[in-house]
Structures are given as C-alpha cells and as structure tokens.
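There are 4 protein chains.
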Amino acid sequence: MFCYNHKLRVRYGETDKMGVVYHGIYPLYYEEARTEMLRSVGLSYAELERQGVMMPVREMHVKYTAPAHYDDLLTVCVEIRQMPGARAVFHHRIQNQEGKLLNEAELTLVFVSMATGSPCRAPQAFTDVLKPYFD
Amino acid sequence: MFCYNHKLRVRYGETDKMGVVYHGIYPLYYEEARTEMLRSVGLSYAELERQGVMMPVREMHVKYTAPAHYDDLLTVCVEIRQMPGARAVFHHRIQNQEGKLLNEAELTLVFVSMATGSPCRAPQAFTDVLKPYFD
Amino acid sequence: MFCYNHKLRVRYGETDKMGVVYHGIYPLYYEEARTEMLRSVGLSYAELERQGVMMPVREMHVKYTAPAHYDDLLTVCVEIRQMPGARAVFHHRIQNQEGKLLNEAELTLVFVSMATGSPCRAPQAFTDVLKPYFD
Amino acid sequence: MFCYNHKLRVRYGETDKMGVVYHGIYPLYYEEARTEMLRSVGLSYAELERQGVMMPVREMHVKYTAPAHYDDLLTVCVEIRQMPGARAVFHHRIQNQEGKLLNEAELTLVFVSMATGSPCRAPQAFTDVLKPYFD
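Protein chains in written order, with the working numbering: chain A, 1 to 135; chain B, 1 to 135; chain C, 1 to 135; chain D, 1 to 135.
Please keep in mind that the hints were generated in silico from the structure rather than gathered at the bench.
It does not matter which identical chain is used: a pair holds within one copy or between any two.
Distance condition first, Cα-Cα at most 16 Å in a straight line; then the derived EDC-like pairs of lysine to aspartate or glutamate:
no.	residue 1	residue 2
1	Lys-7	Glu-32
2	Lys-7	Glu-36
3	Lys-63	Glu-106
4	Lys-7	Glu-79
5	Lys-7	Glu-98
6	Lys-131	Glu-79
Please read these numbers as outputs of a predicted model, since none were measured by experiment.
Same shape as in the complex, but just chain A (with noise of 0.2 Å):
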C-alpha cells in the first residue's frame, strides 16, 4: 500500500454562496495531491504525458461528511492499495486543520495512448517506481 498526504489552501472562489467549499471542487483538491503523490516517488505526471500516456478518470465515488471553509489548510491523504494495472484506483480522504473527516473518495483512472486513443498498460517508469511498495 501506498500513502501520502498533501497539504492546500481554500481559496475565495471555491466556496459557494452556502459559505462552504462547493462539492464540485474537490475533483480538483484530489488531482492536486494525485500530482504531488506522483512527485514525491519522482514520477510526473505532465512527463507521462510528453511520453504520449494520459491518465482519464472513469469513476469517481465522493462520500461528504463535512464541509471545508475559505481559508482552511486541508490534508489530502492519496492512498494505492492494490499495484495498478491496466487501471489505477486512487482511494482520497480529507482532514481539514483540525482533523475532522471532510470527505472521501474512490476513483478510477486508466492508462490511455494518446496516439491510438486506446487503453495501454502503465508504463515500465511508473510501474518501477510503485512495485517496491505492493511486494
């Protein structure tokens, strides 16, 4: 299993007039810290790109619990539990600055070739990287 934890700001503009972070944001709060997982292990996702791999999502799964406000310094925990394989399922979970469970998410990338548009297996550099932590 693998596990990380990213920290950001609540802007301004991500919340809604309920005064909350709106639920359609959080999307966003999850590819960032997918990004810097990513980084941490020396893998970029913008290279895996160059290279011709892209990474869409094909499910996404959020449980709210509570809401975030402008301003909070969230934790967003990333975790792989099972190697990827011709798919990758990222399980998501947000604390904000007092530890309270905000929310949690499941989803599900896949590996595509940008040339054929088809599903490929994740690349040699990827799939390196993470081994070490599934055996």
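Knowing the structure of chain A, use the given hints to seat chains B, C and D on it.
Structure of chains B, C and D alone, referenced to chain A:
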C-alpha cells in the same frame, strides 16, 4: 418516477488540455439540470433557500463513458426514482448531440435547515408538487 | 457596429461565500456570449480552431458595478465596434433580469495560427461575415 | 511600497483545450496570492470577514503576455504601491519557473461593511500593519 431533460452547451473554459471537458466540471452540469428540473414543475431552489432550507450534496457517484468536447450541445437527464424524504436521490445521464452516452451519475442530497444546520424533512411545497409523480 | 445579446443563468457553483457570483467567473460568461454571437452570424469558433486558427485573450478589463446572484437570468451583451484585423476587441455588458447593469468588460483577442504559434490575420470566412456590419 | 511573492502549481483542471491555463483562472491565482500576502504580515482576510468587513473586487485589468502550462510552478507577485484608503489597489505579476513573465494585472478592491453593504474605511488592524511600508 420523474424525468427531465435539460440542454446546455460546453464552454471553452470547461475543457482541459486533453481537449475534453474536465471530469470535475460535470457536477456543475448536474446542478444546472436539477435547478431547471425543479423550475419545470414550478419549484425554485433559490426560493427554497430563501425559506431557510438548503440541499447540500452528501454523495456523488459518476461513471464516465465518453468525453464531451467544446461547443457540444449536451442533454442532461435528471431522474427522481423515489419520492424524496429526508434525502433526495437524483440520477443523471448526459448525452451529446449524436445521442452518445457520456456519463451517468447518482447524487444524494439532503434537506438541511439553515437556521439549525440540522437535517429536516422536505418542505411541504416540494413534496406536494412531486407526489403525483410517485403515486 | 455589431451587437448581440445572450441570456444565461447563474449556477450555484459560480457563487462564492459573499453570496454572489465570484468575480473570476465572468470571463466564462463573456466567452459563452462570444461563442453564441459568432453562431448567430453563422460562424463557429470550434470550426475556426479545426481550421487551425485560435483566438487567445491578450487583454481583459472588467469594471464591476453590482453583483449577480444564484439563479439570476443575465443578459450578456457583446459588441464589436471596429472591424477585427489582427486583433478583435469585444465589449461586454452584463445586466440582470431587472435591467440593472452588473459589469462591463473589454477583451482583446488575437488570431494565432495553431501550426506556427504566430499571429495571423482573421480568416476570410470570418471577415466576409462581419464586413457588412462595418460598411 | 509592499511586495510579496507567492508560489503555486498549475492544476490540470485549470488548463483548457489550448493546452494552457484558461485566461479566466488567473483571478483565482491573484486571490490566493493576496490571501498569503496578508498572512505574511499577520493579517487574515478570513478574520476580516468575521469582523464584518469584506473586500469585493471593483475593477480588474489583466494583460496576458505568455501562457502557463499544467504543472508549471508559478510565482505570483503582489504589490501594494499606495497605502489603501477606502480602496486598495493590488498589482500582480506572474512568472513561470524560468522567470518568464506570463501576465500582469491591476485589481481594485474596496472595503465594504457586511452589515450595511456600504463602503467603509480599512479596519484599524489592517492600516496599522501596512502603514510602516508606506512611510
């Protein structure tokens, strides 16, 4: 069962560098469709909030099948399959102008009193209007 | 001079905790109105890009007078006061359903060849359609 | 004169189909930088609102020179050139990791009492902290 179809256009700023609509944009499309669905039966979500009841999203589950592109004319279907009680479940389905299914979603919203912050029953006006569809 | 009015509804997710539309959302409204203005004269910005020309924004100047609220039905006016050459200047004005002026903006866009990344003249089809309005 | 530099990463969802950051995203970057600038001198915009004063944007003028890309590490500079009175003018300048200037902006914000909705003077705590920079 209650069904409603709402049409909307994809904005340029809603796409990402993959050239398609960012997966985190669809919650805005579902929201717009729910608002129009309510308007179609004489209800106003804005009015609901003025009367002190809000409907935060508690759960969202999206399955992405195919991407939407800039300037696509999408049809966002809203379905309520069961008479809302303390919670209301909305099923969404988005198709493009060729009738191709792009994604499906299930969102659970709850009624919350803005005065107390606690869950409450759906307002009478709300249930009165929807009831006939579930008899 | 060429004028066009486009109507759109404010989404919930476009408001912020002040209870009004976030100032950074209006560029999306202006963009939507420009797309529809072009469509109204038989032009398609999507088609323009498929033919290899894009129109990035080079300058944007907005004056905010009054706020828009959730569910407001806005009228976004688009004006082209001078025949576009290498650049096209769009004047926007947004009013709410009571006719109240909310904000005014001036955006300068340039024509850029997607192949070379360099500025180019407006495509023939584009100028042919607009010319009659400026004679 | 008061200057502050804030660093932030471009998210994937902030790009558009041109492959670069959408022009309407930068207001969010400027806002984030202003919040951090205030924090750097011991002020909190969130706290300002809790005390009943908000700062809506009245005018925004942006000049775009070059685009930002996904995963770019941007430096957003905030400058206050004159001691804020009833209004505060912020100059922003964004550079990428190579030091290239991407855009410049001038935003005018006003102090407004949330109780009355009317303009007000900057709160004492606010002016006390900034004054030394303008003597």
